[in-house]
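Asks: Make a model of the complete structure from these sequences and hints.
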Amino acid sequence: MVIISFHSLEDRLVKGYMRREAMDCICPPGLPVCVCNHKARLRLLTPKPVTPAKHEVQINPRARSAKLRAAEIIVGS
Numbered sequence: 001m002v003i004i005s006f007h008s009l010e011d012r013l014v015k016g017y018m019r020r021e022a023m024d025c026i027c028p029p030g031l032p033v034c035v036c037n038h039k040a041r042l043r044l045l046t047p048k049p050v051t052p053a054k055h056e057v058q059i060n061p062r063a064r065s066a067k068l069r070a071a072e073i074i075v076g077s
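Per our numbering, the sequence shown starts with residue 1, numbered consecutively.
Don't take each hint at face value.
To be verified - Derived PhoX-like pairs (lysine-lysine); straight-line CA-CA distance at most 25 Å: (1) K15 x K48; (2) K67 x K48; (3) K15 x K67; (4) K39 x K15; (5) K15 x K54.
Stated by the list, open to error - Label pairs and their in silico Cβ distance ranges: (6) Q58 x V35: 47 to 55 Å; (7) A53 x P32: 45 to 53 Å; (8) I59 x G30: 49 to 57 Å; (9) R64 x L13: 13 to 21 Å; (10) A53 x V75: 31 to 39 Å; (11) A63 x N37: 37 to 45 Å; (12) H55 x F6: 16 to 24 Å; (13) P61 x C27: 41 to 49 Å; (14) D24 x A70: 31 to 39 Å; (15) A63 x Y17: 18 to 26 Å; (16) A40 x L68: 18 to 26 Å; (17) P47 x E10: 27 to 35 Å.
If you are wondering where the hints come from, they were derived from the structure by calculation, not from laboratory data. Fair warning: this is a prediction, and the values are worked out from it, not measured in the lab. Positions of the beta carbon are idealized from the N, C-alpha and C atoms, including for glycine.
Replies: Now the structure itself:
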């Protein structure tokens, strides 16, 4: 899965979703035992967003705010 966001609010939603779905447990940290039974459905391929290079922004100024994030979808068994 590859997502390109062009606005910081969009990127925040994408980042939050990808991080949440890449974790095995989403229980609050104070719980001694996991009760959520959440399993990771994604494996992050880009921990930090990929942004355009300087020469690309010179050619296409609209690309300056683009952020690309990638994750592999884990097929559950």
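Asks: When you check the alpha-carbon spacing of K15 and K48, does it fall within 25 Å?
Replies: holds (9 Å)
Asks: Assuming the hint says 31 to 39 Å, is it satisfied by the Cβ distance from D24 to A70 or not?
Replies: The hinted range 31 to 39 Å is violated for D24 and A70, with Cβ atoms some 20 Å apart.
Asks: Taken at face value, is the distance from the CA of K48 to the CA of K67 at most 25 Å?
Replies: Holds. K67 to K48 sits at ~9 Å (cutoff 25 Å).
Asks: Given a hinted range of 13 to 21 Å, is it respected by the beta-carbon distance of R64 and L13?
Replies: This hint holds: roughly 20 Å between Cβ atoms.
Asks: Does the Cβ-Cβ separation between A63 and Y17 fall within 18 to 26 Å?
Replies: Distance hint for A63, Y17 holds at roughly 23 Å.
Asks: So the hint says 18 to 26 Å: do the beta-carbon atoms of A40 and L68 match that?
Replies: holds (21 Å)
Asks: Are K39 and K15 close enough, with their CA atoms no more than 25 Å apart?
Replies: Status holds; Cα separation ~18 Å.
Asks: If you check the beta carbons of A53 and P32, does the distance land in 45 to 53 Å?
Replies: For P32 against A53, whose Cβ atoms are near 47 Å apart, the range 45 to 53 Å holds.
Asks: In this structure, is the beta-carbon distance linking Q58 and V35 contained in 47 to 55 Å?
Replies: holds (52 Å)
Asks: Per the hint of 31 to 39 Å, is the separation of the Cβ atoms of A53 and V75 within bounds?
Replies: Holds: the Cβ-Cβ distance is about 34 Å, inside 31 to 39 Å.
Asks: Would you say the C-beta atoms of H55 and F6 sit inside 16 to 24 Å of each other?
Replies: Holds, at about 19 Å.
Asks: Should the hint that P47 and E10 are 27 to 35 Å apart at their CB atoms be regarded as holding?
Replies: 18 Å Cβ-Cβ, so the 27 to 35 Å window is violated.
When held up to the earlier numbered hints, the structure conflicts with 14, 17 and fits the remainder.
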